[in-house]
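Undergrad: Generate coordinates for the entire structure from the input sequences, incorporating the hints supplied.
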Amino acid sequence: MPGQRKRKAQRRRESEAWRKARQDGRWERRFATQDQAEFRAYVHELLRGGDLRPEDVRLDMLCGRLTHPTTHVVSVWVSDAPPK
Numbered sequence: 001m002p003g004q005r006k007r008k009a010q011r012r013r014e015s016e017a018w019r020k021a022r023q024d025g026r027w028e029r030r031f032a033t034q035d036q037a038e039f040r041a042y043v044h045e046l047l048r049g050g051d052l053r054p055e056d057v058r059l060d061m062l063c064g065r066l067t068h069p070t071t072h073v074v075s076v077w078v079s080d081a082p083p084k
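So the sequence shown is numbered by full-length UniProt numbering: it starts at 1 and just counts up by one.
FYI, nobody ran anything at the bench for these hints, they're computed from the structure.
It cannot be assumed that every hint is accurate.
[To be verified] Derived DEER-like restraints, expressed as beta-carbon distance ranges:
hint	residue 1	residue 2	range
1	W77	R48	13 to 23 Å
2	R53	A32	17 to 27 Å
3	A9	T67	37 to 47 Å
4	D35	P2	40 to 50 Å
5	G25	L47	16 to 26 Å
6	G3	F31	37 to 47 Å
7	D35	R12	30 to 40 Å
8	D35	V76	16 to 26 Å
Cβ coordinates follow ideal geometry from the N, Cα and C atoms, glycine included.
TA: Laid out in structure tokens, this is it:
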């Protein structure tokens with residue numbers, strides 16, 4: 001497909017820049033639930049506040065089995081760098 005190599009290279013550069021910017025910090029778990037509606041409402045309120053960028057929020061779905069139900073987890077990036 002025309003231009004695919006160029007797009008792949010651009011994504012790779014963006015990914016490398018993102019990793020370099022993320023070296024000083026950690027993901028902090030903010031919320032976990034088994035109810036999908038509650039999960040969506042929390043994420044909506046979290047992002048609507050405007051304090052966080054969407055790339056600073058990680059949404060995970062831990063798939064369950066018969067003995068462990070599916071769990072939805074919200075994590076937020078916390079920088080270790082001192083505030084400016």
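Undergrad: Does each hint hold? Answer for all of them.
TA: Quick rundown of the hints versus the structure:
Between W77 and R48 the C-beta distance comes to about 18 Å, which sits within the given range of 13 to 23 Å. For the pair R53 and A32, the supplied restraint of 17 to 27 Å holds, since their beta-carbon distance comes to about 22 Å. Between A9 and T67, the C-beta spacing of about 45 Å keeps the proposed range 37 to 47 Å intact. Checking the proposed 40 to 50 Å range against D35 and P2 shows it holds: the Cβ atoms sit about 46 Å from each other.
Taken as a hint, the range 16 to 26 Å holds for the pair G25 and L47, whose Cβ atoms sit roughly 19 Å apart. Here the CB-CB span from G3 to F31 is close to 40 Å, well matched to the stated 37 to 47 Å. Here the CB-CB span from D35 to R12 is close to 38 Å, well matched to the stated 30 to 40 Å. The hint said 16 to 26 Å for the Cβ distance between D35 and V76, and at roughly 20 Å that hint holds.
Violated hints: none; the structure is consistent with every hint.
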